[in-house]
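Trainee: Sequence:
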Amino acid sequence: MKKWFAIMVFTTFVTVGCSNETREVKPTSEAKQTEQAFSPTSTSAATNTVKEEEAPDPSEIVKKFYEAYIKKDYDTLPQYIEDKNLGMSAADFIKNLKESDFKNSADTKEYMISQIADYDDTHKYAKVLVKGKNANGDVSGENRIGLVLVNGEWKLDFVLLIEKSNLDKQITTENKVLTVTSVEQMKRMDGFNYVIQLKNNQTDNQVSVGWLNEATAELTTDKGNVTSKLSRATIKPNSNGSITIFFETQKAEANSLQINGLQITDSKNLPIQGKDPFSLVIPLK
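Numbering (my numbering), first residue to last: -6 to 278.
Be careful, since some hints might not be right.
For lysine-lysine, the following BS3-like pairs were computed, each having C-alpha atoms within a straight-line distance of at most 30 Å [stated by the list, open to error]:
1. Lys261 - Lys278
2. Lys216 - Lys261
3. Lys244 - Lys229
4. Lys222 - Lys268
5. Lys222 - Lys169
6. Lys180 - Lys278
7. Lys64 - Lys157
8. Lys268 - Lys244
9. Lys162 - Lys120
10. Lys56 - Lys180
11. Lys124 - Lys169
12. Lys126 - Lys192
13. Lys120 - Lys180
14. Lys216 - Lys278
15. Lys157 - Lys192
16. Lys88 - Lys169
17. Lys64 - Lys77
18. Lys96 - Lys57
19. Lys180 - Lys88
20. Lys91 - Lys126
DEER-style ranges, computed between Cβ atoms [said to hold, decoys possible]:
21. Asn231 - Asn97: 37 to 47 Å
22. Phe95 - Asn144: 46 to 56 Å
23. Phe95 - Asn194: 44 to 54 Å
In case anyone wonders, no lab produced these hints; they're calculated from the structure.
Every residue, glycine too, gets a C-beta built ideally from N, C-alpha and C.
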């Protein structure tokens, strides 16, 4: 799982602006924002008991990282990174980043810190807008980076992980089509990530996610509800499959998760007459 985290955060960092994912997100009223002008050349998480006010301005570490990155001063970048949850050392993470930049002719030119939001005394997360070029031309997008207080200094956390837990769930839908075999919950500084393992109990028909109709997931928290559009997936007869979902939320406690728009299809992934879309509800408490 650590390796999966490393791949996920590395891809998120280097493929800025390429996602087609859409999300409906409740506004975060508690977030504090820090804005910086564009510079022309510019499994639980690590914790520490040092109070936040003893540490330097967290935006400074973000600026130091990006200014060195724009200059392609890769050798200095590992010092700014907390690698506890990366699944690899900070040096290896930067080595992979350097190689990817070279292969894709990636060249970051500008950055702007659009937000630094509080999570708790030792965790924050930043949204950084970037502009540059790669082999396909001009690119722009947003990177999300965690900040964790370690020994009185802010470090960058590219995983944003607060806590990971495996929920022991054995839930079958009312129509007996699907059974949930496990739920992995990752509480992040910017929301929740779920990996849901499912078993298709049918012997002949498939279960389609997002192919014939829009499939969504709704997370109920103590701060309200948030909805995420699901990526397309197919679970074959008498087989296992998984659904991965990310919800962007403010700091909250998750209560339940509902997946809507699941569809029974034939072997060619075509609709079956009389088989309406169905839902799956997963209690998280």
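Trainee: Run every hint past the structure and note whether it holds.
Mentor: Consistency of the hints with the structure:
A threshold of 30 Å between alpha carbons decides the hint, and for Lys261 with Lys278 the separation of about 38 Å lies outside it, so the pair is violated. With a C-alpha separation of about 41 Å, the suggested pair Lys216 and Lys261 falls outside the 30 Å cut-off, and the hint is violated. Of the pairs offered as hints, the one joining Lys244 and Lys229 is violated, with about 36 Å between alpha carbons and a cut-off of 30 Å exceeded. Taking the CA atoms of Lys222 and Lys268, the gap is near 22 Å; set against the 30 Å cutoff, the hint holds.
For the proposed pair Lys222 and Lys169, the alpha carbon gap of about 24 Å is at most 30 Å, so the pair holds. Restraint check: the Cα-Cα separation between Lys180 and Lys278 comes to about 14 Å, which is no more than 30 Å; the hinted pair holds. In summary, the hint linking Lys64 to Lys157 is not supported, as the alpha carbons are separated by about 35 Å, beyond the 30 Å threshold. A hinted pair counts as satisfied when its Cα atoms are at most 30 Å apart, and Lys268 with Lys244 does not qualify at roughly 38 Å.
Proposed proximity of Lys162 and Lys120 is contradicted: the alpha carbons are some 34 Å apart, above 30 Å. Taking the CA atoms of Lys56 and Lys180, the gap is about 26 Å. The hint holds against a cut of 30 Å. With a C-alpha separation of about 49 Å, the suggested pair Lys124 and Lys169 falls outside the 30 Å cut-off, and the hint is violated. For the proposed pair Lys126 and Lys192, the alpha carbon gap of about 43 Å is over 30 Å, so the pair is violated.
Simply put, Lys120 and Lys180 have alpha-carbon atoms about 18 Å apart, close enough for the 30 Å limit, and the pair holds. Restraint check for Lys216 and Lys278: satisfied, since their Cα atoms lie roughly 15 Å apart, inside the 30 Å limit. Distance restraint check for Lys157 and Lys192: the Cα-Cα separation of roughly 23 Å lies within the 30 Å cut-off, and the hinted pair is therefore satisfied. Under the criterion of a C-alpha separation no larger than 30 Å, the hint pairing Lys88 with Lys169 is inconsistent with the structure, at around 48 Å.
As the CA atoms of Lys64 and Lys77 are separated by approximately 26 Å, the hinted pair is consistent with the 30 Å bound. A distance of roughly 24 Å separates the Cα atoms of Lys96 and Lys57; the hinted pair therefore holds under the 30 Å criterion. Taking the CA atoms of Lys180 and Lys88, the gap is about 28 Å. The hint holds against a cut of 30 Å. Proposed proximity of Lys91 and Lys126 is supported: the alpha carbons are some 15 Å apart, at most 30 Å.
Distance hint for Asn231 and Asn97: a CB-CB separation of about 41 Å, consistent with the stated range 37 to 47 Å. Look at Phe95 against Asn144: about 33 Å separates their beta carbons, and that is not inside 46 to 56 Å. Against the hinted window of 44 to 54 Å, the Cβ-Cβ separation of Phe95 and Asn194 comes to about 48 Å, which satisfies the hint.
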